[in-house]
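Asker: Sequence:
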Amino acid sequence: MLCLFLSGATSPPVSPKVHTVEISRMQFNPQVLVVSMGDTIEFVNKDMVTHDVTESSGKSWKSPALASGAKWRLVARKTADYYCSYHPVMKGKIEVK
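The numbering of the sequence shown is the UniProt record's numbering, which starts it at 1 and goes up by one.
Since the hints were made in silico from the structure, they are not lab data. Cβ atoms here follow ideal geometry from the backbone N, Cα and C, with glycine treated the same way. Fair warning: there could be bad hints in the mix.
[Stated by the list, open to error] In silico lysine-lysine, BS3-like type, Cα no more than 27 angstroms apart, as pairs:
1. 71 to 91
2. 17 to 71
3. 71 to 59
4. 59 to 17
5. 97 to 59
6. 78 to 62
7. 91 to 59
8. 93 to 71
9. 97 to 17
10. 71 to 46
11. 97 to 71
12. 78 to 93
13. 46 to 93
14. 46 to 91
15. 93 to 59
16. 97 to 62
17. 78 to 97
18. 46 to 17
19. 62 to 93
[Claimed, not checked] Label pairs and their calculated CB-CB ranges:
20. 13 to 48: 15 to 21 angstroms
21. 49 to 73: 17 to 23 angstroms
22. 31 to 62: 16 to 22 angstroms
23. 96 to 22: 16 to 22 angstroms
24. 20 to 62: 16 to 22 angstroms
25. 14 to 49: 21 to 27 angstroms
26. 14 to 91: 14 to 20 angstroms
27. 59 to 25: 25 to 31 angstroms
28. 13 to 64: 28 to 34 angstroms
29. 29 to 61: 15 to 21 angstroms
Input sequences plus hints: build the corresponding full structure.
Answerer: Here it is in structure tokens:
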């Protein structure tokens, strides 16, 4: 009877998580972030200059200008490469598993 009970058990739903990407020293850290669909990513500008976060195709999403100390949140829907349009050498990736 115990075996039947355990085989019918299901896992509770997983709550979305909040992940942080720090912007500092002209870099996104971490550069590659692995998340689950529905998780939230918070970008925090700890640099001295303004940055933004722009999805590479420019069609899906783009943050507003993020002055030093500013934060911006995005809900992960799909894998995406991104960059800072002010400093295009700054690149990162959100990988949705």
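Asker: If a hint holds in the structure, say so; if it doesn't, say that too.
Answerer: Quick rundown of the hints versus the structure:
1. For the hint linking residue 71 to residue 91, the alpha-carbon distance of about 18 angstroms falls within 27 angstroms, and the restraint holds.
2. Under the criterion of a C-alpha separation no larger than 27 angstroms, the hint pairing residue 17 with residue 71 is consistent with the structure, at around 17 angstroms.
3. Annotation: proposed proximity of residue 71 to residue 59 holds, straight-line Cα distance about 21 angstroms (limit 27 angstroms).
4. With a C-alpha separation of about 25 angstroms, the suggested pair residue 59 and residue 17 falls inside the 27 angstroms cut-off, and the hint holds.
5. Only pairs whose Cα atoms come within 27 angstroms are accepted, and residue 97 paired with residue 59 is accepted, the gap being roughly 22 angstroms.
6. For a cut-off of 27 angstroms, the pair hint linking residue 78 to residue 62 stands: about 14 angstroms separates their Cα positions.
7. Proximity of residue 91 to residue 59 is assessed by CA-CA distance (about 17 angstroms); at most 27 angstroms being required, the pair is judged to hold.
8. Restraint check for residue 93 and residue 71: the C-alpha separation of about 18 angstroms stays at or below 27 angstroms, so the hint holds.
9. Annotation: proposed proximity of residue 97 to residue 17 holds, straight-line Cα distance about 13 angstroms (limit 27 angstroms).
10. Proposed proximity of residue 71 and residue 46 is supported: the alpha carbons are some 9 angstroms apart, at most 27 angstroms.
11. Taking the CA atoms of residue 97 and residue 71, the gap is about 24 angstroms. The hint holds against a cut of 27 angstroms.
12. This hinted pair checks out: residue 78 and residue 93 have alpha carbons roughly 11 angstroms apart, not beyond 27 angstroms.
13. Distance restraint check for residue 46 and residue 93: the Cα-Cα separation of roughly 19 angstroms lies within the 27 angstroms cut-off, and the hinted pair is therefore satisfied.
14. Proximity of residue 46 to residue 91 is assessed by CA-CA distance (about 16 angstroms); at most 27 angstroms being required, the pair is judged to hold.
15. Proximity of residue 93 to residue 59 is assessed by CA-CA distance (about 16 angstroms); at most 27 angstroms being required, the pair is judged to hold.
16. A threshold of 27 angstroms between alpha carbons decides the hint, and for residue 97 with residue 62 the separation of about 22 angstroms falls inside it, so the pair holds.
17. Restraint check: the Cα-Cα separation between residue 78 and residue 97 comes to about 9 angstroms, which is no more than 27 angstroms; the hinted pair holds.
18. Taking the CA atoms of residue 46 and residue 17, the gap is near 22 angstroms; set against the 27 angstroms cutoff, the hint holds.
19. Taking the CA atoms of residue 62 and residue 93, the gap is near 14 angstroms; set against the 27 angstroms cutoff, the hint holds.
20. For residue 13 and residue 48, the Cβ-Cβ distance of about 41 angstroms falls outside the hinted range of 15 to 21 angstroms, so the restraint is violated.
21. For the pair residue 49 and residue 73, the beta carbons lie near 21 angstroms from each other, so the given range of 17 to 23 angstroms is met.
22. The beta-carbon spacing between residue 31 and residue 62, approximately 19 angstroms, falls within the hinted interval of 16 to 22 angstroms.
23. A hinted range of 16 to 22 angstroms holds for the C-beta pair residue 96 and residue 22, which are about 20 angstroms apart.
24. Between residue 20 and residue 62, the C-beta spacing of about 19 angstroms keeps the proposed range 16 to 22 angstroms intact.
25. Taking the beta carbon of each, residue 14 and residue 49 are about 37 angstroms apart, not inside 21 to 27 angstroms as hinted.
26. Taking 14 to 20 angstroms as the suggested C-beta distance range, the pair residue 14 and residue 91 does not conform, at roughly 29 angstroms.
27. A hinted range of 25 to 31 angstroms for the beta carbons of residue 59 and residue 25 is consistent with their spacing of about 29 angstroms.
28. For the pair residue 13 and residue 64, the beta carbons lie near 32 angstroms from each other, so the given range of 28 to 34 angstroms is met.
29. At roughly 20 angstroms, the beta carbons of residue 29 and residue 61 sit within the given window of 15 to 21 angstroms.
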